[in-house]
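Participant: Now for the letters of each chain:
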Amino acid sequence: DGGITQSPKYLFRKEGQNVTLSCEQNLNHDAMYWYRQDPGQGLRLIYYSQIVNDFQKGDIAEGYSVSREKKESFPLTVTSAQKNPTAFYLCASSPGPPYNEQFFGPGTRLTVL
Amino acid sequence: QQPVQSPQAVILREGEDAVINCSSSKALYSVHWYRQKHGEAPVFLMILLKGGEQKGHEKISASFNEKKQQSSLYLTASQLSYSGTYFCGSYSGGYQKVTFGTGTKLQVIP
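From first to last, the protein sequence lines stand for chains X and H. Numbering-wise (my numbering), the first sequence opens with residue 1 and increments by one. Numbering-wise (my numbering), the second sequence opens with residue 1001 and increments by one.
If you are wondering where the hints come from, they were derived from the structure by calculation, not from laboratory data. Some hints here could point you the wrong way.
Stretch by stretch, here's where chain X covers chain H in the computed footprint (C-beta under 8 Å, at least three residues) [what the hints assert, rightly or not]:
1) 1012 to 1022
2) 1068 to 1082
Below, computed lysine-lysine pairings styled on PhoX-like, alpha-carbon distance capped at 25 Å [to be verified]:
3) X/LYS70 with H/LYS1097
4) H/LYS1097 with X/LYS71
5) H/LYS1105 with X/LYS9
6) H/LYS1059 with H/LYS1037
7) X/LYS83 with X/LYS57
8) H/LYS1026 with X/LYS57
9) H/LYS1097 with H/LYS1037
Some residues of chain H that are not near chain X, with every Cβ distance over 12 Å (derived) [as the list claims (entries may be wrong)]:
10) GLN1002
11) LYS1026
12) ILE1060
This one's a predicted model, so the numbers in the text were calculated from it and none came from an experiment. A virtual CB, placed ideally from N, CA and C, is assigned to each residue, including glycine.
Required output: the full structure, derived from the provided sequences and hints.
Facilitator: If you want it as structure tokens, here you go:
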């Protein structure tokens, strides 16, 4: 069964701590993305990667970091520099052009106390 | 340069029709449509490409006006399961990212 998995589903952390969110896909997609969604809001792009060992900043990259050492994996670290990290984080992958449709994981809801 | 959607919210009774619009200020290669139910991840519905090609959901239709950079999603004979927030995504082609719209919250009531 192909798909995207994110773990954990819910995550609680104390202010000032770094936290890493996991994203794995077995769809053999080259491109992977991280989005942030705040309550009642749309999707904002944090980082994306079109190929292994390469990634680009999205619209709201400050306070976040990523790595892409394997095609299947694209972990996101929320650092203590992120001023307001409490949000719903969505990982997606895409087969790329010409359609570039996004397939989303189930999301991780991060709450910083 | 986020696509703008209208209306922001709409309430329908089962069986009624709805149209959701999406406008972009950038030249588009394609428009994506996704539906997100509360607390869940967005699900891909369909893609409309320049030149009229479409890929996606059988029971949902959409149009793409390339000159105006606008797309409309048509939901006919709405069902309770259609409830959710609909997002359009603008895609300029190649290895560019998809930029998501502001969202339209649709609620279908019995």
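Participant: Mind listing which of the numbered hints don't hold for this structure, in increasing order?
Facilitator: 1, 2 and 10
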